[in-house]
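Engineer: Given chain A, put chain B in place with the hints provided.
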Amino acid sequence: EDKVVQSPLSLVVHEGDTVTLNCSYEVTNFRSLLWYKQEKKAPTFLFMLTSSGIEKKSGRLSSILDKKELFSILNITATQTGDSAVYLCAVGDSNSGYALNFGKGTSLLVTP
Amino acid sequence: DTGVSQNPRHKITKRGQNVTFRCDPISEHNRLYWYRQTLGQGPEFLTYFQNEAQLEKSRLLSDRFSAERPKGSFSTLEIQRTEQGDSAMYLCASSSGQITEKLFFGSGTQLSVL
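Those sequence lines, one after another, are chains A and B.
The first sequence lines up with residues 1 to 112 when you count with this note's numbering.
The second sequence lines up with residues 1 to 114 when you count with this note's numbering.
Chain A extracted, bound-state conformation (with noise of 0.2 angstroms):
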């Protein structure tokens, strides 16, 4: 049965702090790998990574993706009040059909 394990599973940093947020999976073929974030109800997309070594960057946030290793970390630099959510990561498996297997999520408080 195809795994996301996210870690840790919460979080709690102050402003300006750098966190990063792991995710490790075992699927039977993988496709690609998802990072969202979940605010209070819809996740929003952030980044999707299918090769390994490429770094996916959009502000203070990046990611990349090991398929030697089977893991993904997303980085978030100069942490703001605005970060504090849920982020999830999913991972398609082409055995799978059309459907995520999300993680449980990782949930980060960012003080001031």
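These are computed hints drawn from the structure, not numbers from a lab.
There's no promise every hint is true.
As the list claims (entries may be wrong) - If you want the footprint, here are the derived chain B segments under chain A, 3+ residues with CB under 8 angstroms:
no., stretch
1, 47-61
2, 104-111
What the hints assert, rightly or not - Derived lysine-lysine pairs resembling PhoX-like cross-links, with alpha carbons at most 20 angstroms apart:
no., chain 1, residue 1, chain 2, residue 2
3, A, LYS57, B, LYS102
4, A, LYS56, B, LYS11
5, A, LYS37, A, LYS57
6, A, LYS67, A, LYS3
7, A, LYS41, B, LYS11
8, B, LYS11, A, LYS3
9, A, LYS37, A, LYS104
10, A, LYS56, A, LYS68
As the list claims (entries may be wrong) - If you anchor each label on the Cβ, the simulated ranges turn out as follows:
no., chain 1, residue 1, chain 2, residue 2, range
11, A, SER7, B, ARG64, 30 to 36 angstroms
12, B, GLY85, A, LYS3, 21 to 27 angstroms
13, B, ASN51, A, ASP66, 33 to 39 angstroms
14, B, SER27, A, GLU26, 32 to 38 angstroms
15, A, THR81, B, GLY40, 39 to 45 angstroms
16, A, SER51, B, ARG9, 35 to 41 angstroms
17, A, THR81, B, ARG64, 40 to 46 angstroms
18, B, PRO8, A, GLY82, 24 to 30 angstroms
19, A, SER7, B, LEU114, 31 to 37 angstroms
20, A, SER94, B, ARG9, 30 to 36 angstroms
21, B, GLU83, A, GLY59, 26 to 32 angstroms
These numbers were taken from a predicted model, which means no experiment stands behind them.
Each residue gets a CB set at the ideal place from its N, CA and C atoms; glycine is no exception.
Structural biologist: Just chain B now, with coordinates in the frame of chain A:
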């Protein structure tokens, strides 16, 4: 607002009642998904439509659940004879044909079964 729209936002029902949720995807998206999320968990896949065809269903989708997407536009998810274990956030998402995994989620319908 051209995002994914879900109605109602909240639904409280008694055990044994039937409920129906509606999802209006982004207009140009031909793919539509339903996910379920409980507290402290990530979303779990329920079902997938490409246009009006329901192409995939999770084993989580018991006989009491049915989803439709007539004419390939909006979709409905119906739960019959609700149980307390059905209490969850029901999320709808849509995507275009080009990048199928880049899902755009609605704000969900929070179901509470008493």
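Engineer: Out of the numbered hints, which ones does the structure contradict?
Structural biologist: 4, 8, 15, 21
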